[in-house]
Amino acid sequence: MQNGITWKNLAILATLLGLAAMWIGNAPADDDAVFPMPRGKTLLSECGGCHTAYAPGLLPARSWRKMLSELGNHFGEDASVQEPVRLALLKDLEDMAADGAFADMRMRRIAASVPANAAPQQITETAYFKFIHDEVPKSFWQRKAIGTPANCIACHPRANEGRYGEREVRMPQ
Amino acid sequence: MKRVVLIASLCAVAPVFAEAPQQVLAALIAEAGGKASPMQGEKLFRGKFTGGKSAESCTACHGDDPKVPGQHIKTHKAIDPVAPAAQRDRFSDPAKVEKWFKRNCPEVLGRVCTPQEKADFAAYMISVK
Chain A
583 MQNGITWKNL AILATLLGLA AMWIGNAPAD DDAVFPMPRG KTLLSECGGC
633 HTAYAPGLLP ARSWRKMLSE LGNHFGEDAS VQEPVRLALL KDLEDMAADG
683 AFADMRMRRI AASVPANAAP QQITETAYFK FIHDEVPKSF WQRKAIGTPA
733 NCIACHPRAN EGRYGEREVR MPQ
Chain B
503 MKRVVLIASL CAVAPVFAEA PQQVLAALIA EAGGKASPMQ GEKLFRGKFT
553 GGKSAESCTA CHGDDPKVPG QHIKTHKAID PVAPAAQRDR FSDPAKVEKW
603 FKRNCPEVLG RVCTPQEKAD FAAYMISVK
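These protein sequences, in sequence, are chains A and B. Residues in the first sequence are numbered from 583 upward in steps of one, following our numbering. Residues in the second sequence are numbered from 503 upward in steps of one, following our numbering.
Derived from the structure by calculation, the hints contain no laboratory data. Hints are not guaranteed to be accurate.
[Claimed, not checked] Below 25 Å or equal to it, Euclidean Cα-Cα: the simulated DSS-like pairs (lysine-lysine) are:
| # | chain 1 | residue 1 | chain 2 | residue 2 |
| --- | --- | --- | --- | --- |
| 1 | B | Lys-569 | A | Lys-726 |
| 2 | B | Lys-601 | A | Lys-623 |
| 3 | A | Lys-673 | B | Lys-601 |
| 4 | B | Lys-631 | B | Lys-537 |
| 5 | A | Lys-726 | A | Lys-712 |
| 6 | B | Lys-601 | B | Lys-576 |
| 7 | A | Lys-673 | A | Lys-623 |
| 8 | A | Lys-726 | B | Lys-550 |
| 9 | B | Lys-576 | A | Lys-623 |
| 10 | A | Lys-648 | A | Lys-673 |
| 11 | B | Lys-601 | B | Lys-545 |
| 12 | B | Lys-576 | A | Lys-720 |
| 13 | A | Lys-726 | B | Lys-576 |
| 14 | B | Lys-604 | A | Lys-648 |
| 15 | B | Lys-576 | A | Lys-712 |
| 16 | B | Lys-555 | A | Lys-726 |
| 17 | B | Lys-555 | B | Lys-601 |
| 18 | B | Lys-604 | A | Lys-623 |
| 19 | B | Lys-601 | B | Lys-537 |
[What the hints assert, rightly or not] Quick partial rundown of chain A residues pointing at chain B, CB under 10 Å, derived from the structure:
| # | residue |
| --- | --- |
| 20 | Cys-632 |
| 21 | Thr-634 |
| 22 | Ala-661 |
| 23 | Asn-733 |
| 24 | Ile-735 |
[Stated by the list, open to error] Under 7 Å between C-beta atoms, here's a sample of chain B residues computed to sit facing chain A:
| # | residue |
| --- | --- |
| 25 | Ser-556 |
| 26 | Thr-577 |
| 27 | His-578 |
| 28 | Lys-579 |
Backbone N, C-alpha and C fix where the C-beta goes; we use that ideal spot for every residue, glycine too.
Between the sequences and the hints, there should be enough to build the whole structure, so can you do that?
Right, dumping it as structure tokens:
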């Protein structure tokens, strides 16, 4: 075997460097907050019709169970859906909840930030949400295009795909 | 020749996915007993009501111009324009049309909409150019 700088060794080096670059480029960054979303369109069309299609991993399963049992009075509105639709939504929400079997580190932190005897109905109530948004001034939330901290998609353009990564944040004026 | 056949078959398949607003409107008019008034529909769209649960008018969320996106008064989510002239998939899926009448009429009127009101409302939205 020939040592030193040969075309073959250069080619091997270039290939390895290229593969490493592709690998690094594809690796999720630490701040990539990506939550799993259900495959079907039900959550997007039923929940996402009126507000951001919040990712199931943003609340523990007991919160979703309580919410889906009270859809007739959903924050003052009648958001009831047909029973098969409700059951399908509930299954996805439970499966992918913050305390679900497949929850990642971030989701577990969210679940851990909720007291065991509480079933918060608002993501913005959880200690994790407050902690992660503590640098956002009150005046930001009041901008017309945002209006409320519950309007995730105003600043997280791909919130409906479960993507809340900090680098994607766009603050509307 | 192959391309012609392909395009022709695409044209034949396309209507399966969505109905034209005119078809949806025709069904609503049939339900209402044969007549629809775009003017009455506009009155309903712009009217102020007191019986509603969360909004006093349709325009509270949908805005004054049905060709411009609106914003939900509570969640502040952006809402696509209601007029098919500005948002092509509006009034193309009867189930969706029914769903939103069922959801939104009680919020504004405090009751469900009559078949006549639905037909009028659709007739107005489709007439917006």
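Structure versus earlier hints, numbers of those that do not hold, lowest first: No hint contradicted; all consistent.
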